[in-house]
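Student: Sequence:
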Amino acid sequence: MTDTYSQAKNAADYIRSRSPLQPKLALILGSGLGDFASQVHDSVVIPYSEIPNFPQSTVAGHSGRLVVGTIGGVPVAVMQGRVHAYEGYSLAQVTFPVRVLGLLGVERMIVTNAAGGINTRYGQGAIVSISDHINLTGSNAAVGANEPRFGVQPGSGQRFFDMTEAYSPALRKLAIAEGGRQGWALDEGVYLAVLGPSYETPAEIRAFRTLGADLVGMSTVHEVIVARHMGIEVLGLSVVTNMAAGVLDQPINHEEVMDIGKRIASQFTGLLVALIPQLGKRSAQEA
Numbered sequence: 002m003t004d005t006y007s008q009a010k011n012a013a014d015y016i017r018s019r020s021p022l023q024p025k026l027a028l029i030l031g032s033g034l035g036d037f038a039s040q041v042h043d044s045v046v047i048p049y050s051e052i053p054n055f056p057q058s059t060v061a062g063h064s065g066r067l068v069v070g071t072i073g074g075v076p077v078a079v080m081q082g083r084v085h086a087y088e089g090y091s092l093a094q095v096t097f098p099v100r101v102l103g104l105l106g107v108e109r110m111i112v113t114n115a116a117g118g119i120n121t122r123y124g125q126g127a128i129v130s131i132s133d134h135i136n137l138t139g140s141n142a143a144v145g146a147n148e149p150r151f152g153v154q155p156g157s158g159q160r161f162f163d164m165t166e167a168y169s170p171a172l173r174k175l176a177i178a179e180g181g182r183q184g185w186a187l188d189e190g191v192y193l194a195v196l197g198p199s200y201e202t203p204a205e206i207r208a209f210r211t212l213g214a215d216l217v218g219m220s221t222v223h224e225v226i227v228a229r230h231m232g233i234e235v236l237g238l239s240v241v242t243n244m245a246a247g248v249l250d251q252p253i254n255h256e257e258v259m260d261i262g263k264r265i266a267s268q269f270t271g272l273l274v275a276l277i278p279q280l281g282k283r284s285a286q287e288a
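First residue of the sequence shown: 2, per this note's numbering; consecutive thereafter.
Worth flagging that the hints you see were computed from the coordinates, not collected in a lab. Among these hints, one or two may not hold up.
[As the list claims (entries may be wrong)] Taking lysine-lysine and the DSS-like style, the derived pairs with C-alpha atoms no more than 30 angstroms apart in a straight line are:
(1) K263 <-> K10
(2) K174 <-> K263
(3) K10 <-> K282
(4) K10 <-> K174
(5) K282 <-> K25
(6) K174 <-> K282
(7) K10 <-> K25
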């Protein structure tokens, strides 16, 4: 049986065979946010189905394509959609793309998602920088045999690894400053992850608020755990596509999530298009 490292290396080698670029920055686009990939120049588009061992997206709003190219002159790898544990995938499969991106040489990752707003200061359509997370999915993507070869940065790949700065303060500062330059305030908040696929009950939301959560969703935290295991620096951005259960007197549906994602596409795109060259410049300065 082939081990996960060998499978990830095989997938990374295949992507290299399709594109000569060596991306140092990757983006994972959540529900309704996949259109951002149209900003990639000189792109090579690779369906997940063509990448060895890559899991396939099954949820509406997740196109299931890897787009490799440049944005603002910065080589990037953009995932149009992700897979989730609620689709029946193991956490090893959910986080497999992050393993592959790390082996491609990615050093920084922007992880985005559609989230429910718990904190009432957020309105629908707000973009929020994730400052920290709470994992209530019932498991951890690093469970199992540790593979130190996944440690792509010095000091990474350890059995026990620090999550104090799971979401890079430096990258958050850059994002907040860029939002300000564009004339709007990028707020920060704590993201709480549940397994799904059912939306949360009002009682659960009240409990999550007591725990200190500002946002709730069904993705992201395991990708971030694996990214940090590999030494990848992370910026997390949530789009508040709906208010969480009980905050408003109305039911929640996935169509609303998709609609809000489309409505804020211009603001979301403007932030990332301006931010990515700054992250690329930061990488060059540190090299």
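Student: The structure should be examined with respect to each hint, and the outcome stated for every one.
Tutor: Comparing the hints with the structure gives:
{"no.": "1", "hint": "K263 <-> K10", "result": "violated, 35 angstroms"}
{"no.": "2", "hint": "K174 <-> K263", "result": "holds, 26 angstroms"}
{"no.": "3", "hint": "K10 <-> K282", "result": "holds, 27 angstroms"}
{"no.": "4", "hint": "K10 <-> K174", "result": "violated, 33 angstroms"}
{"no.": "5", "hint": "K282 <-> K25", "result": "holds, 11 angstroms"}
{"no.": "6", "hint": "K174 <-> K282", "result": "holds, 15 angstroms"}
{"no.": "7", "hint": "K10 <-> K25", "result": "holds, 17 angstroms"}
Violated hints for the displayed structure, listed by number in ascending order: 1, 4.
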